[in-house]
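Peer 1: One letter stands for each residue in the lines below.
Number of protein chains: 2
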Amino acid sequence: MKHYFNLFTWLPLIFFIHSINLNPTHSLTIPRLSPFQEKTLHDIATLVSNDPKDVETFYYKQVLDHFNYNPESYNTFNQRYLINFKYWGGANSSAPIFVYFGPEQPIDGSPKSIGFMVEKAPTFKALLVYIEHRYYGKSVPFGSREEAFKNANTLGYFNSAQALADYAEVIIDIKKTLHAQNSPVVLIGGSYGGMLASWFRLKYPHLAIGALASSAPILYFDDITSPNAYFDVVSRDFKEVSETCYETILNSWSEIDKVASQPNGLSILSQRFNTCRPLNHSFELSEDLESMYTSAAQYNHPPDYPVTVICSGIDKASFGNNILDKIYSGVVAYKGNGTCKVNNPKNISETDVGWRWQTCSEMVMPFAIGNDTMFQPSPFDLKRFVERCKKKYGVSPRPHWITTYYGGHDIKRVLQKFGSNIIFSNGLKDPYSSAGVLHDLSKSLVAVPTINDINSIAGSHCLDILPSKESDPKWLIEQRNKEVKIIQEWIAQYYIDLGALHGSPKFQNN
Amino acid sequence: MKHYFNLFTWLPLIFFIHSINLNPTHSLTIPRLSPFQEKTLHDIATLVSNDPKDVETFYYKQVLDHFNYNPESYNTFNQRYLINFKYWGGANSSAPIFVYFGPEQPIDGSPKSIGFMVEKAPTFKALLVYIEHRYYGKSVPFGSREEAFKNANTLGYFNSAQALADYAEVIIDIKKTLHAQNSPVVLIGGSYGGMLASWFRLKYPHLAIGALASSAPILYFDDITSPNAYFDVVSRDFKEVSETCYETILNSWSEIDKVASQPNGLSILSQRFNTCRPLNHSFELSEDLESMYTSAAQYNHPPDYPVTVICSGIDKASFGNNILDKIYSGVVAYKGNGTCKVNNPKNISETDVGWRWQTCSEMVMPFAIGNDTMFQPSPFDLKRFVERCKKKYGVSPRPHWITTYYGGHDIKRVLQKFGSNIIFSNGLKDPYSSAGVLHDLSKSLVAVPTINDINSIAGSHCLDILPSKESDPKWLIEQRNKEVKIIQEWIAQYYIDLGALHGSPKFQNN
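Residue numbers (the working numbering), protein chains in the order written: chain A, 3 to 512; chain B, 3 to 512.
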């Protein structure tokens, strides 16, 4: 079966894709780039928690275009940010400010989901700030989401450079308002937000003393990382858990196609997989399965370890012993009993809509599937990708812009003597870690990957910044402790530098 | 007499200024920010020279707006750049590329005027590239200068962040076209171009290994440097040459006003100063004199030393012994005999027009005159400045943007552990050096100010990158040698790093 690449995986937009494809086939997912699964959000047992009443909402009058001076660029919109003052040591003691960069979603859930900040706030006496990314949540220009997302004329301002400039303006404003000029700012971000945090530290070193960039695949652009890398890791994750599970999945795709091509094939598949709606194409099944596997690998966190859950299901084969029975057994193990499993009408989230634009403009991450995975091979076709984006938005992506503006090629040589104070943390089972910084670039541009024991790796997408749990394994606790220690060193050094420059002992480490 | 600040000094635009001022008075100049005087351009005696036939012209299809994705942002214009291949060691030996960032003027004259590049090219076997800044020379969007400068709608794209992104695109394209991926790029810029060079090294470290930023007043923004600094240095320059000269100039302003207020006063002044046109206001005289003093100080280079020339004239008093006679004697000494001296209708240059927009949008450098100079005090009135710009262009300046985007406050603390490989060179008699980086920020962010002998300072605006002369004093030769040595070290280290990463001795220092 011929595969091709679909940039709008988890969206009904696949219909759009297929409508321009004369020979509709199974279309592949761009793996979701989000700091957490919905599931994780509702599965929180923090030691210290952001009490909703401690979190105040503010709005900053943000300029529409920082890089232009035409009249339209002066339009403003209200950018939302949240502050928790509870743990802050205050401006007088130059206590630190932790700033979380909202990624491709509304900021509402962040105080709860980014457990690292609130849990570590007492130790640092830190002010907690969460800034929403433009075009998400309540931080939408042009008066309404409808207007803002109308077409490329209004969407054009929706990009990372503008977002970083927004963050800069808000940080400056907060420090000014709180008379906290001497308070060091430490950035925290995960996934796309982690990219933004690391890029901000590199572009605006005067506004933040360091950044914790969790699971930031800053090298998944241009030709820096193999386009196959993501699915290679997904496959490796599964293989490590169970070779038989891996083989079953590998063999399932042709089996699905075989059944689908039979008379009543789609109906048989619909029944076997307990679909929410009857399948019209076999790719509707294949995509859901792919999406489940990639999601399980990306968020393969303790204590449940979704990859293990799926593979246990597949290997146990509770629903029968042929290939599709086994796969279905895996689906049930992962999704539970009771409800339908596949081909569920999807709710389109803000992330879906926003990230679709972002990947179709600048965030062009080439995903492909190589020859040695549990999936069917699928190349990345940039030309086709560009054509589809152009058809959808009327403008072409700029696939080289990210590396032009932020770099990425030859990163070790470029940054080993340039820049400082970034933690690149990664869970090594997270497929996105394949494009993360996994080795120290210099003494202060450090990689903090999850290290389990001598022979194995662990860790999932953004796990270190999510809320801690009683059940957290040692390697995760150690990863977070290491991050805290490094941030403490940044801040201590900052106070020393500040004191030295001001020639006074006023700025003591608190 | 009440002073106020005029942002359009050397322009007929003063008429515009006065038209909105109910009580027209003498208006002060924003000192010209240009790497060289016209005079210097025609006064070249290089040891090695860019033969015009060695310089080839190219155009790059540049995108109008790098930070937007609306349809208009995809418009392109031809950006001009010049290359001299003569001295290049070639891509195979990874020989370096020197890139000069065109400042606020057409690039035509740069191969001749930026003597440092062509003179040092043989030593480095360097490719010489000169890239024109958008909206100058032939690098104008919207098809024509007329369209491009029509109003803020078309001018909006004319700013430093866009210019840096242009340079990034051109550098990437040149390296790709020449298969010179491993050739290190060293940036060279003077004045505004020097700011751009240092900012580019900070923002795009992946595209250039280092920058020589000559006379770059990157700290003349916001409240970092006293607004008085520029005129303080001008006055100090004069005082150091001659206290009596300084006193004469100091006393001349009230004398001019006194004469001007007499019956036929302006006519008397017109005669005394051999004006090109009869004076209508005394400020026409005062401004020309101020402009002469600031220009002399800024370009106070050997062997003629214009400040000394003027003061010798004033002190010798060849045209009479009263104050205005003495001042006129200074004017004649500086400008020579034969022609009219003051109130000459000015030709509006591209620099005049372009820089006016730039200062009215983002490059807001607050200039004032303090109480202890040879000029009359004049505060900087930001509010008024903003009003005037708004009246002229319909949009307001963003006076804090430069420090938001590029930093500047607390620069030593911010950069002492961040960034590398920038030379901040300054001539210490250049009034703009007051906002330059005059002390090392770190081991590799170094200041190379001109040092004469133990007790005196020397050096003028961008002198180090201008063509060398047989008459060059030792301190200037040493400054340039020091710069060469530092750049050689950058390149040597680069080859070591490259070799280490590629695990081969292929990349030797050449």
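For the record, the hints were derived by calculation from the structure and aren't laboratory data. Don't take every hint at face value.
Unchecked claim - Listed next, the in silico DSSO-like pairs over lysine-lysine satisfying Cα-Cα at most 27 Å (straight line):
no., chain 1, residue 1, chain 2, residue 2
1, B, K140, B, K88
2, B, K487, B, K445
3, B, K385, A, K414
4, B, K178, A, K445
5, A, K55, A, K178
6, A, K414, B, K318
7, A, K419, B, K348
8, A, K178, B, K318
9, B, K487, A, K385
10, A, K177, B, K419
11, B, K445, B, K419
12, B, K476, B, K419
13, A, K348, A, K414
14, B, K419, B, K348
15, A, K394, B, K348
16, B, K177, A, K63
Peer 1: Please verify whether K177(A) and K419(B) have alpha carbons no more than 27 Å apart.
Peer 2: holds, 22 Å
Peer 1: Holds or violated: K445(B) and K419(B), Cα atoms, limit 27 Å.
Peer 2: Since the Cα atoms of K445(B) and K419(B) sit roughly 9 Å apart, the hinted pair holds (cutoff 27 Å).
Peer 1: If you draw a straight line from the CA of K487(B) to the CA of K385(A), is it 27 Å or shorter?
Peer 2: violated, 47 Å
Peer 1: Regarding the pair K385(B) and K414(A), is the alpha-carbon distance no greater than 27 Å?
Peer 2: Violated, because 47 Å separates the two Cα atoms, which is more than 27 Å.
Peer 1: Is the Cα-Cα distance between K414(A) and K318(B) 27 Å or less?
Peer 2: The hint is violated at about 63 Å.
Peer 1: Decide if the proposed pair is consistent with the structure: K55(A) and K178(A), CA atoms, cutoff 27 Å inclusive.
Peer 2: Measuring from Cα to Cα gives roughly 24 Å; hence the hint holds.
Peer 1: Checking one constraint from the list: CA of K487(B) to CA of K445(B), max 27 Å. Satisfied?
Peer 2: OK: K487(B) and K445(B) at ~14 Å, within 27 Å.
Peer 1: Do the alpha carbons of K140(B) and K88(B) lie within 27 Å of each other, as the hint requires?
Peer 2: Roughly 24 Å separates the two Cα atoms, so the pair holds.
Peer 1: For K394(A) and K348(B), compute the direct alpha-carbon distance and say whether it is at most 27 Å.
Peer 2: Answer violated: K394(A) to K348(B) is near 53 Å, above 27 Å.
Peer 1: Keeping to a limit of 27 Å between CA atoms, is the pair of K177(B) and K63(A) held or broken?
Peer 2: Distance of about 41 Å is beyond 27 Å: violated.
Peer 1: Given the hinted pair K419(A) and K348(B), is their Cα-Cα distance within 27 Å?
Peer 2: Not satisfied, since the Cα-Cα distance of roughly 48 Å exceeds 27 Å.
Peer 1: Are the Cα positions of K419(B) and K348(B) separated by 27 Å at most?
Peer 2: violated, 47 Å
Checked against the numbered hints given earlier, this structure breaks hints 3, 4, 6, 7, 8, 9, 12, 13, 14, 15, 16; the rest are met.
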